[in-house]
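Undergrad: What follows is the residue order along each chain.
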Amino acid sequence: MRLRRLFGLVASNLRASWVRAALAMVGIVVGTGLLTFFVGLGQGLREKVLERIFPVNQLELEAKAVQIFGTEQVLGQEPLDDARVSQVAQLPGVVRAFGKQKSSFPARLWGGKELLGYNLFTEAFFDGMPAAVLKSELESFEDVAAKRNPMATAKPQRCEEDLDCRAGMGCADGLCTPIVWADRFVAIPDVVLPCAAEDRCPLAMQCKDGRCVGDDDVPPQRCLLPAPAGNGRELQFDAEVGALAQPCAEPGGWCAKPNTTCGSGRYCAGDNPETKLGYCEQPLPAVLNPLLLEVFNSDMARSLGAAPIGSLAVLFGVRFHIAMGDSYFSKDAERTRQQYKQAVVVGFSRKAPELGVALPLELVRHFNARLKGVASAAAYDALLLDTASNELVPQVIGDAEKLGLQLSRKSRAARTFGTVVLVTSLALVLLAAVVLVVAAIQIAQTFAMLVHDRRREIAVLRAIGAARWDVAVLVLGEAAVIGILGGLLGGGLALALAAGVDAAAARFLADVPLVPQGFFAFPDWSVPLAVAVALLCTVLGALGPARRAMALDPAAVLAQS
Amino acid sequence: MSAVPAIAAVGLGRSFEVDGKPVHAIADLTLHVAPAEHIAIVGKSGAGKSTLLNLIGALDRGYSGSLQVFGQELKTLPDRALAQFRNRQIGFVFQAFNLLSNLSVGDNVMLPGSFGSGLDASELRRRAKALLDDFGLGDRFDQRPAQMSGGERQRVAIARALLLQPPLLVCDEPTGSLDGETAAHILSVLSDIRRTRGTALVIVTHDPAIAAAADRVIRLERGRSVAEGTP
Chain A
190 MRLRRLFGLV
200 ASNLRASWVR
210 AALAMVGIVV
220 GTGLLTFFVG
230 LGQGLREKVL
240 ERIFPVNQLE
250 LEAKAVQIFG
260 TEQVLGQEPL
270 DDARVSQVAQ
280 LPGVVRAFGK
290 QKSSFPARLW
300 GGKELLGYNL
310 FTEAFFDGMP
320 AAVLKSELES
330 FEDVAAKRNP
340 MATAKPQRCE
350 EDLDCRAGMG
360 CADGLCTPIV
370 WADRFVAIPD
380 VVLPCAAEDR
390 CPLAMQCKDG
400 RCVGDDDVPP
410 QRCLLPAPAG
420 NGRELQFDAE
430 VGALAQPCAE
440 PGGWCAKPNT
450 TCGSGRYCAG
460 DNPETKLGYC
470 EQPLPAVLNP
480 LLLEVFNSDM
490 ARSLGAAPIG
500 SLAVLFGVRF
510 HIAMGDSYFS
520 KDAERTRQQY
530 KQAVVVGFSR
540 KAPELGVALP
550 LELVRHFNAR
560 LKGVASAAAY
570 DALLLDTASN
580 ELVPQVIGDA
590 EKLGLQLSRK
600 SRAARTFGTV
610 VLVTSLALVL
620 LAAVVLVVAA
630 IQIAQTFAML
640 VHDRRREIAV
650 LRAIGAARWD
660 VAVLVLGEAA
670 VIGILGGLLG
680 GGLALALAAG
690 VDAAAARFLA
700 DVPLVPQGFF
710 AFPDWSVPLA
720 VAVALLCTVL
730 GALGPARRAM
740 ALDPAAVLAQ
750 S
Chain B
6 MSAVPAIAAV
16 GLGRSFEVDG
26 KPVHAIADLT
36 LHVAPAEHIA
46 IVGKSGAGKS
56 TLLNLIGALD
66 RGYSGSLQVF
76 GQELKTLPDR
86 ALAQFRNRQI
96 GFVFQAFNLL
106 SNLSVGDNVM
116 LPGSFGSGLD
126 ASELRRRAKA
136 LLDDFGLGDR
146 FDQRPAQMSG
156 GERQRVAIAR
166 ALLLQPPLLV
176 CDEPTGSLDG
186 ETAAHILSVL
196 SDIRRTRGTA
206 LVIVTHDPAI
216 AAAADRVIRL
226 ERGRSVAEGT
236 P
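Quick mapping for you: the protein sequence lines, in order, are chains A and B. Residues 190 to 750 (my numbering) are what the first sequence spells out, left to right. Residues 6 to 236 (my numbering) are what the second sequence spells out, left to right.
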């Protein structure tokens, strides 16, 4: 039968029995709608919730612990040192591995005045992370590619220091260029690390004249603060605070050079809170977890009477103070070993602690050693792995367990949540499949009735030249049209419903922390899948009736009529 | 006139099982119909008229003996070939018209062209319009059959049967549902077809007037030809 003619006959038949066709389609619409909806929901939960909180293809391992009186204790394990990192990096499926060290010293943090109008004060926790671990994520959050586009600097402005350039620009090689904050998260930033003879200095540095110096060390400039930091509440971010220092005969041996500052984004960091003398240095590069902004906006902003922060972009370059070794709650370190530093937000990463700050690993190791002893900086707290694919994760976990490692709490939670999402999605898809099976049965019943009602029509078609197969194609063609329309309608309704749910969530759950922008992510193939499944169901459902139509004896039917 | 007869049946038999017992609807029937010949088949109900028509019309090939239509032994043809044979060689006209109510008049007439006729849509449309014009229904092309009288519907059915210009027209009580005047009109249409197109006509009828118009009348009784002659 000609295809065009087939469509014509199918269309006229469907028009003639549109009520039955519509009723038969209901089940298909519901089934494919549920299927599409749940596929979108499952994918959305994975992409927008799971992968947002727990990055994919990444694991965090820690030494295997045992439960003793409800607490996890690590017993008799080899330390997580560089040798262990190398060992884990060589496991099949592992692309790279890094060590992570948490701060073991007390610290407090304050700042935010330039953004909120007043300072926030909190205890601070740090994760020391290698720059290489965060690099790609920092660049993607900052959209570094656009900043490095030469078009962005088409008309460069000449400068001598950062202050000569407008906001968001910095002075490099005498020209104002967009500041690429991600580039500032480096292993050893332009920061002075004070030390004593017994302290540990990072990498190839050694302790000399009370600070860690490298082979190509350029002595930093000395500076004088107007007053010792004290408790730090009076410290300012103004780069003009503090003046360059020069040796003199005054008590302490240093005098301020009049009308000078550290300049070029540097500030005067006191050697300890008890002295005015310090070094000119850059603030510590700090990386925050983007979820922190959501927690602030949804929970904290209202209670603090602050306006929600619109986007992460406004936080780039925001400075805050850190008092290393000082605490509001626990025993402080010796005052002369404490360090009051400035930090600057240089980017965001989901690997950063949710309620803390990620700093370059070597800085955290240094302060751990200086404030809590060299032993506290000897080993990593966790290993970070990138796996080649999600499918390899179980294998990597199995291999890591043989090395005495286990998933960290965060990774365990991610896997548990991922499993829950997967199982729930499968259960819901199974529900949709049951609906579709019922719909196929309904299609079979409807078409059985249609074939019965049209048996004379079928006999006439046979009499004027239709072969058995032509009749079957006609029946299956009608089923196919119902399937395609039902699939499109079901898929479309699912998209519309998902959009409605997302809109409702955005409206009613706006104040709930960590609620994503939407719960659904429909893959490109979701609606085609709905159509294909609907087509399959209707055609399978109509197979029996089509066979009965083929088997119809036209002579007998025409004799009856 | 071609040497191949339109219909050549020798020892034709067709039986059905009813309550486990064989019932011979057609038995040892011999029949020859020349091309362009017009025959009428008459007989009482149950005489086997419709069974014979179904056999000749290639709707039923479960027969014994031999039945050749235009030299083609029908029972040897597979389903698709048989369908194609019906499509090209045989036109059906039924008592109940059997038009498809959800199609327009034009679409009904063009319907046989849907099954591998090899004609394109414009040619089918041209033929359908010409036939309907011939039968005085040229302006009813887009109407639905339900909007027409019985006689008009039967003319549409005849136009449908003639679309692919089959050499054999098989009519089962073509005037059975029509009043006398309309029946006479349909008869004249069929006679014209035979005369102008050289189409062989096999008409099953109870109507003596229809039978009288045939070249030959074959009377069936219990599946056998009991009388044959001119009207």
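None of these hints come from the bench; they were simulated from the model. Bear in mind that the values here come from a model prediction, so they are computed numbers and not experimental data. Heads up, some of the hints might be wrong.
[Said to hold, decoys possible] With the C-beta cut set under 8 Å, the calculated list includes, among others, these residues of chain B facing chain A:
hint, residue
1, K80
2, D84
3, R85
[Said to hold, decoys possible] Chain A side only, calculated, beta carbon under 7 Å to chain B, not exhaustive:
hint, residue
4, A205
5, R209
6, P462
7, T464
8, A622
9, E646
10, A655
11, A656
12, D659
13, A740
14, A744
[Stated by the list, open to error] Derived list of chain B stretches under chain A, where covered just means 3 residues or more per stretch with a C-beta under 8 Å from a C-beta of chain A:
hint, stretch
15, 58–66
16, 104–117
17, 190–200
Even for Gly, the Cβ is constructed at its ideal location relative to N, Cα and C.
Undergrad: Hint by hint, note whether the structure agrees.
TA: Structure-based check of each hint:
1. For K80 of chain B, the interface hint is violated, since its Cβ never comes within 8 Å of a Cβ in chain A; the closest pair sits about 14 Å apart.
2. Checking D84 of chain B against chain A by beta carbon gives a least distance of about 5 Å; that is within 8 Å, so the hint holds.
3. Annotation: R85 of chain B was flagged as interfacial toward chain A, and the flag holds, the nearest CB pair being 5 Å apart, inside 8 Å.
4. Annotation: interface hint on A205 of chain A holds; nearest CB of chain B at approximately 4 Å, less than 7 Å.
5. At a threshold of 7 Å, the smallest CB-CB gap from R209 of chain A to chain B is about 13 Å, leaving the interface hint violated.
6. Violation of the interface hint for P462 of chain A is found here, the shortest Cβ-Cβ separation to chain B being roughly 93 Å, above the 7 Å cut-off.
7. Below 7 Å, beta-carbon pairs count as interface contacts, and T464 of chain A has none with chain B, the closest being about 98 Å; its hint is therefore violated.
8. Hint on A622 of chain A is violated. Least Cβ distance to chain B is approximately 35 Å, over the 7 Å limit.
9. Because the closest C-beta pair between E646 of chain A and chain B is about 6 Å apart, less than 7 Å, the hint holds.
10. For A655 of chain A, the interface hint holds, since its Cβ comes within 7 Å of a Cβ in chain B; the closest pair sits about 5 Å apart.
11. Taking 7 Å as the C-beta cut-off, the interface hint given for A656 of chain A holds, the closest approach to chain B being about 4 Å.
12. A distance limit of 7 Å between C-beta atoms decides the matter here; for D659 of chain A the minimum to chain B is near 6 Å, and the interface restraint holds.
13. Given the 7 Å rule on beta carbons, the hint for A740 of chain A is violated: about 11 Å separates it from the nearest Cβ of chain B.
14. For A744 of chain A, the shortest C-beta to C-beta distance to chain B is roughly 4 Å, which falls under 7 Å, so the interface hint holds.
15. Here the stretch 58–66 of chain B counts 4 residues with a CB under 8 Å from a CB of chain A, which clears the bar of 3, and the coverage holds.
16. Coverage of the stretch 104–117 of chain B by chain A holds [criterion: at least 3 residues with CB-CB distance below 8 Å; count 7].
17. Counting residues of the stretch 190–200 of chain B whose beta carbon lies closer than 8 Å to any beta carbon of chain A gives 0, which falls short of the minimum of three for the stated coverage.
The structure shown violates the earlier hints numbered 1, 5, 6, 7, 8, 13 and 17.
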